[in-house]
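K.L.:
Heads up: the sequence lines are chains A and U, in that order. Quick note: the first sequence uses numbering that gives the first Met the number 0, first residue 0, plus one each step. Quick note: the second sequence uses numbering that gives the first Met the number 0, first residue 0, plus one each step.
Any given hint might turn out to be false.
[What the hints assert, rightly or not] With a straight-line cut-off of 20 Å between C-alpha atoms, the simulated SDA-like cross-links for lysine to any residue are:
hint, chain 1, residue 1, chain 2, residue 2
1, U, K48, A, Q124
2, A, K156, U, Y45
3, A, K77, U, L215
4, A, K92, U, G69
5, U, K92, A, V253
6, A, K75, U, K211
7, U, K75, A, V90
8, A, K37, U, V50
9, U, K49, A, T244
10, A, K37, U, Q219
11, A, K49, U, K92
12, A, K48, U, G154
13, U, K211, U, S120
Since the hints were made in silico from the structure, they are not lab data. No experiment lies behind these values; they were computed from the predicted model shown.
2 protein chains.
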Amino acid sequence: MTNHNTSPYSHLLLLAAVLALVSVASAFGPTSRLDLQKIMREERNYMQKKVIDISHKYVPDLPAYDSKSGLGNFIKLKTSIKLGDLYNFSVFKLTTHSGTHVDAPGHFNETLFELGYDVVSLHLQTLNGPVLVVDTPRNKNITAEVMRSLNIPRGVKRVLFQTSNTDRRLMYKKEFDSSYSAFTSDGAEYLAQNTDIKLVGVDYLSVAISPKDELLKVHQHLLNSKDIIPVEGLNLDDAVPGVYTIHCLPLRLVHGDGSPTRCILFQ
Amino acid sequence: MTNHNTSPYSHLLLLAAVLALVSVASAFGPTSRLDLQKIMREERNYMQKKVIDISHKYVPDLPAYDSKSGLGNFIKLKTSIKLGDLYNFSVFKLTTHSGTHVDAPGHFNETLFELGYDVVSLHLQTLNGPVLVVDTPRNKNITAEVMRSLNIPRGVKRVLFQTSNTDRRLMYKKEFDSSYSAFTSDGAEYLAQNTDIKLVGVDYLSVAISPKDELLKVHQHLLNSKDIIPVEGLNLDDAVPGVYTIHCLPLRLVHGDGSPTRCILFQ
């Protein structure tokens, strides 16, 4: 004969089990069990992703546009534990185009600048999302011909162009090097007219080659559209061509014609 | 009688179709068809997500810790189209703890500061991933008791604490208000010892309440662990409690005891 009767413990155990379930379900205030499942699933998902930092560190030897002396000392302690203060607390000074940075539409266009097309106006939907890292023909600028040969399909919104600047490690040389590869005006015009690219990443300090008329035209082709964002000074050392998710988050500097930015890739 | 014979066009049409497929498959240099499918799927995925900016704009009236006068003028044009230059180009000056920002382990600990635990050392895996936004009891600090009542489950790595600071719109008041809600030392100790939280977001300028001994202890409980990151001065106006994905990307300021940061949520 089987004994189904373990009373009085069976009822108490059942009650305890129910109470335990109820407490798991409601214990942590606003968090529901569904939320918890979601967050744990997402956590496992994120732990499997490889993250690549495509931003350069700010150091005194970081090159600066058209300068021999680089960034220089840009940060200093204002209060210091060593000097008896409660905490370390620094001030820093950068240009809106230092190191890895974005350009705002008002950078090359006074009308847009005065209309408020600053770095705050840039769309987060453009700055975050899937991205294509492409190799460009070495020791060539990004001309219309090169753009045609890359044949980037319609629908691709974000592209990082890896050039010989990366091989030449130009972002690690303090002195500005005007022989960098970048967009020519016809390359930029091609991009604006024949592709859906809205985020244009490059691996040296400017999206445009250095002669002044070209510098102006390239920026105008891209920035006057108000929805194309050049991301310059990227660190593409570890970004093998392929598809990633990019997150590029510049500071919300009101009136900023650009801003330093941290950019990362998830694989 | 059905005419199956449309020759000689049928063969030509077939050839054209095959050529078209081949060209789609191989046309755009390094991009494979698989890559293209992946990027388009991901693009549709991102277009459906709502993004919430949880960073405050940098404006002169942004409050600054322990100051009556706020941030002040922090940006100015160095070259200006209006004054005849080719482009607008600005310099800006901020503290490492201006507006929405992160603290580095070296902020309150000289040993860690000298060992290089600066803002560059912060883990991107902590700064990006699933996050819980929680409501805290209004007009209370985040004490051990409050932390216990929130009962945030183990495994949750990122939590943003919405307090009465958000209701009181403290980040929109130029003059620093020391009556803000934040962590007490026992609340911070509880978090460090009894939860898996590594990213701690708060909605005013400090993760700690203002009395000096508490300010010190809270920061020590969190920062001496070297893997807990306080994110301060968040804009939680539009962040309803729940589960999101956070991306928080501070600048790579070498020797920075902290850094301004842009932070966003995806829903």
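K.L.:
Hints first: check each against the structure and report whether it holds.
P.N.:
We went through each hint and held it up to the structure:
Annotation: proposed proximity of K48 (chain U) to Q124 (chain A) holds, straight-line Cα distance about 9 Å (limit 20 Å). Between K156 (chain A) and Y45 (chain U) the alpha-carbon distance is near 12 Å, which keeps this suggested pair within the 20 Å criterion. Restraint check for K77 (chain A) and L215 (chain U): the C-alpha separation of about 18 Å stays at or below 20 Å, so the hint holds. For the suggested pair K92 (chain A) and G69 (chain U), the alpha carbons sit about 18 Å apart, so the restraint of at most 20 Å is met.
With a C-alpha separation of about 13 Å, the suggested pairing of K92 (chain U) with V253 (chain A) holds against the 20 Å cut-off. Distance restraint check for K75 (chain A) and K211 (chain U): the Cα-Cα separation of roughly 23 Å exceeds the 20 Å cut-off, and the hinted pair is therefore not satisfied. Between the alpha carbons of K75 (chain U) and V90 (chain A) the distance comes to roughly 16 Å, so the proposed pair stays at or under 20 Å and holds. Pair hint K37 (chain A) plus V50 (chain U) holds up; C-alpha atoms about 18 Å apart against a cutoff of 20 Å.
Taken as a hint, the K49 (chain U) and T244 (chain A) pair is honoured in the structure, with Cα atoms around 16 Å apart against an allowance of 20 Å. A distance of roughly 32 Å separates the Cα atoms of K37 (chain A) and Q219 (chain U); the hinted pair therefore is violated under the 20 Å criterion. Under the criterion of a C-alpha separation no larger than 20 Å, the hint pairing K49 (chain A) with K92 (chain U) is inconsistent with the structure, at around 33 Å. Restraint check for K48 (chain A) and G154 (chain U): satisfied, since their Cα atoms lie roughly 18 Å apart, inside the 20 Å limit.
For a cut-off of 20 Å, the pair hint linking K211 (chain U) to S120 (chain U) is broken: about 26 Å separates their Cα positions.
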